[in-house]
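A.B. asks: These protein sequence lines are chains A and B, in that order.
Take 94 as the starting number for the first sequence in my numbering and just add one per residue.
Take 19 as the starting number for the second sequence in my numbering and just add one per residue.
I should point out that these hints are in silico values taken from the structure, not numbers from a laboratory.
The reader is advised that the hints may include incorrect statements.
To be verified - Pairs of lysine-lysine residues, derived as DSSO-like cross-links and limited to a Cα-Cα distance of at most 27 Å, are as follows:
1) A:677 - B:208
2) B:500 - A:628
3) A:688 - B:125
4) A:687 - A:644
5) B:169 - A:284
6) A:223 - B:208
7) B:602 - A:687
8) B:500 - A:737
9) B:312 - B:169
10) A:284 - A:688
11) A:374 - A:417
12) A:386 - B:179
13) A:601 - A:417
14) A:687 - B:500
15) A:223 - A:273
16) B:549 - A:755
17) B:602 - B:574
18) B:179 - A:688
19) A:494 - A:484
20) A:273 - A:644
21) B:697 - A:737
22) B:500 - A:231
23) A:601 - A:411
24) A:688 - A:796
25) B:500 - A:750
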Amino acid sequence: MTSIIKFQALSGCFDESPHCYLLEIDDFTILLDCGWDELFSVNLVDSLKQNINKIDAVLISYPDLLHLGALPYAVGKLGLNCPIYGTVPVHKMGQMFMYDWYLSRYDSEEFAIFDLDDVDKVFDRMTVLKYNQTIALKGKGYGITITPVPAGHMIGGTIWKIVKDGEEDIVYAVDYNHKKERHLGCCELEKVTRPSLLITDAYNMLYQQPRRSARDESLVVSILATLRSQGNVLLAVDTAGRVLEISNLLDNIWHNKEAGLFAYNIVLMSKVAHNVNEFAKSSIEWMSDRMVKSVDDARNNPFQFRSVKLCHSFEDLKKIPSPKVVLASMPDLECGFARDLFVMWCGQPNNSVIFTQRTSPGTLARYLVDNLGRVLSLQLDVRSRAPLAGKELDEYLQTKKQKASETMEYEESSEDEDEISGPVGHDIMVMEEPRRQGKKPHFPVFPFHEEKVKVDEYGEVVKHEDFLIVDGVEEAEKDISDAQEEPEEDMEIEEIPTKCMSQSKILKLNCNILYIDFEGRSDGPSIERLVFQVKPRRLIIVRGSQEACEKLSAGCQAENIWMPQKGDHINATIERHIYQLLLKDSILKDLMFKKCRESEVAWVTGQVVYDTGSTDIEKSDVAEAKKNQPHLDLVDYNLIPSHKTAFLNDIKLSDFKQILGKNGIPSEFIGGTLRCCGGNISLQRLETGKVSIEGTLSEDYFKVRDLLYEQYAII
Amino acid sequence: GFYFRRLNSNGPNMSRRKEAIPAEESDQLTIKPLGAGQEVGRSCILLEFKGKKILLDMGIHPGLTGMDALPYIDTIEASEIDLLLISHFHLDHSGALPWFFAKTSFKGRCFMTHATKAVYRWLLSDYIKVSNISTEQNLYTEADLEASMLKIETLDFHEEKDVGGIRFRAYHAGHVLGAAMFMIEIAGVKILYTGDFSRQEDRHLCAAEIPAVRPDVLITESTYGTQIHEKREDRESRFTGMVHDIVTKGGRCLIPVFALGRAQELLLILDEYWGQHSELHDIPIYYASSLAKKCMSVYQTYVNAMNSRIQKQIAISNPFVFKHVSNLKGIDHFDDVGPCVIMASPGMMQSGLSRELFESWCTDPKNGVIIAGYCVEGTLAKHIQSEPDEIATMSGQRLPLKMRVANISFSAHTDYQQTSEFIRALQPRHVILVHGEANEMSRLKAALIREYETMPEVEITVYNPRNTTSVELTFRGEKAAKVMGSLAVHKPVEGEVLSGVLVKRNFNYHLLAPSDLATYTDIQVSQITQKLAVHYSGSVSTLHFLLLQLAGHVEKMDEVKSSFRVFDVIDLTVDKNMITVEWKGSPVNDMFADAVLVTILRAETLNEPSVKIDDYGAKFEWDKFKDSLVEMLRDMFGEAAVPKSVTKDDFYVTVDDKKAIIDFYNLKVTCEEDLTLQKILQTAVSRLYNSLAPISAIQM
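If we strip away everything but chain B, and leave its shape as in the complex, we get:
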């Protein structure tokens, strides 16, 4: 072996250091909303930690069109994203995904649950069709959507995945079929992203789970801020009561809904209510969504993602086969003759069937509209909640608003009570609010802070970042290595020097001896033997002479075949006009080999040497070394540092009145007064020796 070692900062070049720490070693966790920061819609949150970049959701803003609806993707480098997780199929969480795949350099992996993927396919296809009609600029095409299907990978709830050291798993989130919360773990730091969630079990979904592990950071939705939902029974009876009232008075009841998600829940309620009230059997319930019809098979297949009640029921009869609800293909197939209930999308009446029906019914006070979901600022559904006298139609006409307007929230989002309980159960140190309108969000932040004011023992910080504003948190990452195998045979002793291969994989460190690598890892230690043939027509003795000059010592391996070994590692065999040089590859050996090769080439050009000295070898001249050392030390510490009369047996240096003694033959420096000086001198002495002494004299 040779001194092929790494420089450590205790060496003479102590000054270097403190340069920028590489991203993967940084302790800083950055969370930056690219969408859904102090707004609802276009969810997209960037996580950055230890050089890993993760995007959570890829939604579009329902109130905006074209490129404006996208999250602020242009502020990041899409090709650097390692992982993209989609929490559920709603457009404001998955709507920009085909665009992201097709139009950016993203090449990471993307995961969602099985049910989400199945619904996503049809939901976005529907969205493409709708936006084809309403706007001229389309973000992506059906072909882009299909291409994205090939790239999306699925994961089951509770299944643990690992993407380059990012470990994550999905928990049930309630909200809609397939909705997931993601627990992400990077280098021991755990982050829980809730997506949209609800802690209340409903007719077909289970409540959001409370993960058993405590996250360090909770990124939670805040749609409903500090509001508290009506009790499930109350809102159901208010809903059925109002529907009943409208239709029995001869009115038409419009329920604008988002095609998938809450619609299925409302249909289950209505179908059951109609079943119990035979007097209503003549009044039709229409569900105007071919999309929902398409996705029924998804609801029938992925029952494992629903609550246990449905799972039991589905084995007997499918609750999603409705008895009183009929499907309506479109407004052309609708015969508007009398009282009826229609559920139509879109849920916020931006355009489409629900808007058309609303415009034709809004002038009649007998009719009614029930807003059952969450409405984004700027949409018609939100506007009519303020009970205006007039509304503007799509064509710009103004119509008086006389129909009854009710807002019964079936939105499966968490409310203050649920959020507060959820946080109390998880006790995260940092809570980051996303997916909430600015006012709701700041109210929630204030309420949460107030809640923990009286509990100084609980350390909790709440953040409500705006889009493209980062929250930066510092986690002192613990870097522990497992020492295994022959290095670990005895317990570590204070001061013991350990040397081995540090293997880093997925933020785990193992310290192993090279010989143990194959046992504990999939890494193999290899050896490369090299054999070079060189033409040589010169004499063997010339070669020998030059080799001696080079290496100081040449070992004769075989007298007859004239083969030598130099530097202990390079074998030469001279055979006719050819020399074969053989050695085991390593940086040092390669260097020796290069030297030997040059020697061979030189020997060829030389004549027989005039002198023949068999034992000539480079000898180390201590006197010469002494002179060099004196010169070097004078350069370092000034003329006065080294006395003129030093001898090899009595060698000392005086620096700042401190005397350091150099034991010449052992290359040992002692200076009890100043250890730093001792260290500097020691390094200088050994380095000088290493550079002057012949290779054979240096311990290998």
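One chain only, chain A, in its complex shape:
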């Protein structure tokens, strides 16, 4: 009955590398998250490659790069070919994260690590789940069930509960947030009790968060100061995760007349801003009670922004007058609009750049956050993509023509492929399309124009989309380069080739640079408290500095604690003795159950019997199968061994104080002991499960003792 449980960290051990772990239950291998850092470190991919063939299922916790970044590569290039599980928002927002990442990278460099088709393959493959929806795995994974439990942090964020044979429960909980936020509820890790194995991270173990109100205030104050001095604010945010919290907060602050921000502009800018916003609007049931209430009571969708405008290109952005606040991706400043804006704005002293999360070490954003105030100038590669022109274009066309004539068939088939795979993946671009081609100047402000689509007849829309998609992507890309390099050139031909340019520049950093924590993760003291509450029997600590891991391990009283090094194979098998016994009615009838916490308990003594005598009403074949099962039947009275009385439950003296109070006995704490009845009786909790009661012989003593006994199930 004992299941062999093994664990191996492919990344994320004793450092800040992304989450990616292998969990083996007997011969079934589960990949827990498949993250990648912003710089595509080769290490991770190598270890993933070695294990790719034995992975039977992937569980994803959050939609960001840190948790699913390597999936497109794994599925598209390494041929990962197994079911992937995630919640509905992780599926939707994860796709947005990947699109944005790809498009932002593609804008500035020759990017071939994965493409949009790979992204689509990942999300086509994903099985979506709701919170608390338990599904049983099939085939080799027979007997294993998985359940996503709310984790906070990001929309759809998941703590995974993996149960084998209904008894062996493994909980994988990383980056959770125990605090309620504006748009998200808190994690439900507290509801998990006594798992046989907990896998968690120590990333924030040494960190203590500022209070939420102080944090929000510092954000507003710095934004206001910058705007009043006619400066622009760049908030480097992620694509579809934490950005929801920040944008919702700012939209509300903007709306608040007293804040005095109404006159300024606020923009949410990413390649997929519109879609992220739409998905947020229709995912209210995944958010906090407050958001749901807003829809139910006020019929007011909190993501129907009142002030925040959406932008998808620099052309859009230009039309919005400064000073303005721009929430742009990517948070690492390695690519995307945020990097371009940073390059544009970092020179002016009245501008501000605000980071809202710590990205991987080695990224530009992290470098700036770690050296706040110390970096005065930077040497940076300013990269962009520009269309080919002149000689280069001619050359390109010529080679293309040559190729075309050489391999006609190949061309055709590749074109077909485009047609098939295009529409599925790129439907986000459809939205951008009408806006870009629109003739009215105000279009770019809003993500899409309704009438535009409606002009088309039904039936035809599908074809239209197909057609639009291709140039949608192309144009989106061109657009950015336009804004930077050659704004006057008008792109018409979808076929126009582009090239990437890179130029090293020295940037003077005159702007304000701030870091305000909007990560929405539990901090050190809370992690410690939560892990203590959960009381795992075994604990695996991943991701975090050596010091952080050790601190967490010191505060936990698990039977075994592991802190794996990369590649370590941990055997976390728990010897498990278990068998099933059918309880005969005769024995159950006599039991007197006593309530103890959520359960009822009774002392039972019985005799194991194999032959049931089959008096069952059940159909004969069922009864047949049952015959070989052991039953517990009544035992001869004299054979019943005596047993020690057990007091079940564990009380807190503070709770008992209230009970005393309810019964008219006042009491007070003096130096850890609870005294009552004029100091004649004192109670003390010595250690877990041990309570002492002391007093002088009096009626009160027995009264207090009776009350104390009532707190236990005595069997």
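Mind docking chain B on chain A? Use the hints.
C.D. replies: Leaving out everything else, chain B in the frame of chain A:
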């Protein structure tokens, strides 16, 4: 330890037993409709199993008013209900909920889907306003409704919830936005309640799912009984055709609808049809419902509950923003000048705008009314389907009915074909029909029975209970315990005696050794140490003497400090004028402690004992025991049973010519002829010994 054990029925008091089994151990599942039993409206079904009580839906009857419209709640104790599940927002399923929260002692939990809750809020608010005008007695107020919002909890489709061992999850039911079927599992028995459902996908909703798990009991609606719906394409074209015909001939077309649900579907159809027929663009479509307008944001938010087609479309443009439909605030804003299409509520024309319009249009044969939904017996909408010559107005006047009347059912209820397929896929052993008019229901029952007549291998029983009539089903609940930890180290052997703590939680049993409790459960084994200080001014030797008399043996722990241990568990320390008594709490130890305390109090009142016997202790006198035993056995079996000449070494009893030998010193009884007798004797002997022997002599 001590013999603190439970009596089992094999003991001498075998006769007790067979009293009423407590509800939570009962194998009987009771299903009782409190509403919607052989009727349509006021859905409310009570489930009772293993001591758990669940209500399914809390509706009102649309054809009745005031208290009459409520389900038969007075036949149950509302405070005992653990759980209330609401399948969808229609009034006949959720209409009595604020009343139930505000006016009864209900304190259980209540769940519905997000979309249902959002619409419920506005739908009932509208209902309160309407009934304010039409009737004097109101079941509840707006404040009650708002209070109910705080108590309703939400669940997402497929999410699994557990309320005190009742596990349930919601499946898509089609029908209306947010409509759910509930799969409820109690102690392994699964019950599927369909609410109102439709297996046909339409423009915005998906078809009802077929759950992957097979329910034991299916509680299904039977609104349409054995009828079979028209094909979707046919009814749509008949509908648009008729509307087209009426308006192009200059008539006015009235479509009485329920404000939410099918109305949205009809609007999607009309808006699309108008889009395709430019000649109709001058003819206005009005939708006279501020309620529907209010709920549009709900439709836009909870798209996850709709079908995939809408979900895709909504990302591009919102299909619920209609191009050809305009909203009509009320009849005052309506300029009745020419042909038009009006959708107005209520759907059965009991009162309100649809009734007003009907009364003013019914005399003109150019006009038409299309009944698109299900109509309850006794409403005007049902009445006109029988094509009467005259109708009665609200004011009691009689008007000739000349306008065209058509009945095109868009009702998203299951029909016979769907129900039959659904049952075939699920194969429940029991089918309980609710939410159907008596005749339809019995026709459906007959049809289903006929269908399975030819298949004797399929065991299926169909019930159609009336209101407050229960269906009682028996499920032999399997009670299996998982034995874990140190008790389970080796496989169980025949005849092995197992003893441990049985932990019951949510109908699951675990058998554990006390030491394993903390490992596998959240239950902690505790220990209570007790220390009592007693004033004592007497001498130590008096105390010692009395303790010896009490316990037979006193262990001296410390010569200098004069501390003793008695009964192996009670420690006494004499210190000046004080004795401290210390022990670990347990019922037996407490009893010993009480005895010791009494002894101390007595010692205080006594003088120094005249005799000083250190080793005096209570000794067991076998002779005395023999005499007592003989006396007891003679009492039990008569004078003749025990021979006069018995000795301790040769002790036997003869009962009904059967001889039982009693091994005196080992307290063992053997009687090969009659095991029952042996058992009775054995018990008697050991009990007598236990009551006579000093505590120190009994094995602890």
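A.B. asks: Please go over all the hints and tell whether each is borne out by the structure.
C.D. replies: Hint check:
| no. | hint | verdict |
| --- | --- | --- |
| 1 | A:677 - B:208 | holds (22 Å) |
| 2 | B:500 - A:628 | holds (22 Å) |
| 3 | A:688 - B:125 | holds (20 Å) |
| 4 | A:687 - A:644 | violated (40 Å) |
| 5 | B:169 - A:284 | holds (21 Å) |
| 6 | A:223 - B:208 | holds (21 Å) |
| 7 | B:602 - A:687 | holds (21 Å) |
| 8 | B:500 - A:737 | holds (22 Å) |
| 9 | B:312 - B:169 | holds (22 Å) |
| 10 | A:284 - A:688 | holds (20 Å) |
| 11 | A:374 - A:417 | holds (24 Å) |
| 12 | A:386 - B:179 | holds (21 Å) |
| 13 | A:601 - A:417 | holds (21 Å) |
| 14 | A:687 - B:500 | holds (19 Å) |
| 15 | A:223 - A:273 | holds (20 Å) |
| 16 | B:549 - A:755 | holds (24 Å) |
| 17 | B:602 - B:574 | holds (19 Å) |
| 18 | B:179 - A:688 | holds (22 Å) |
| 19 | A:494 - A:484 | holds (15 Å) |
| 20 | A:273 - A:644 | holds (25 Å) |
| 21 | B:697 - A:737 | holds (25 Å) |
| 22 | B:500 - A:231 | holds (24 Å) |
| 23 | A:601 - A:411 | holds (23 Å) |
| 24 | A:688 - A:796 | holds (21 Å) |
| 25 | B:500 - A:750 | violated (37 Å) |
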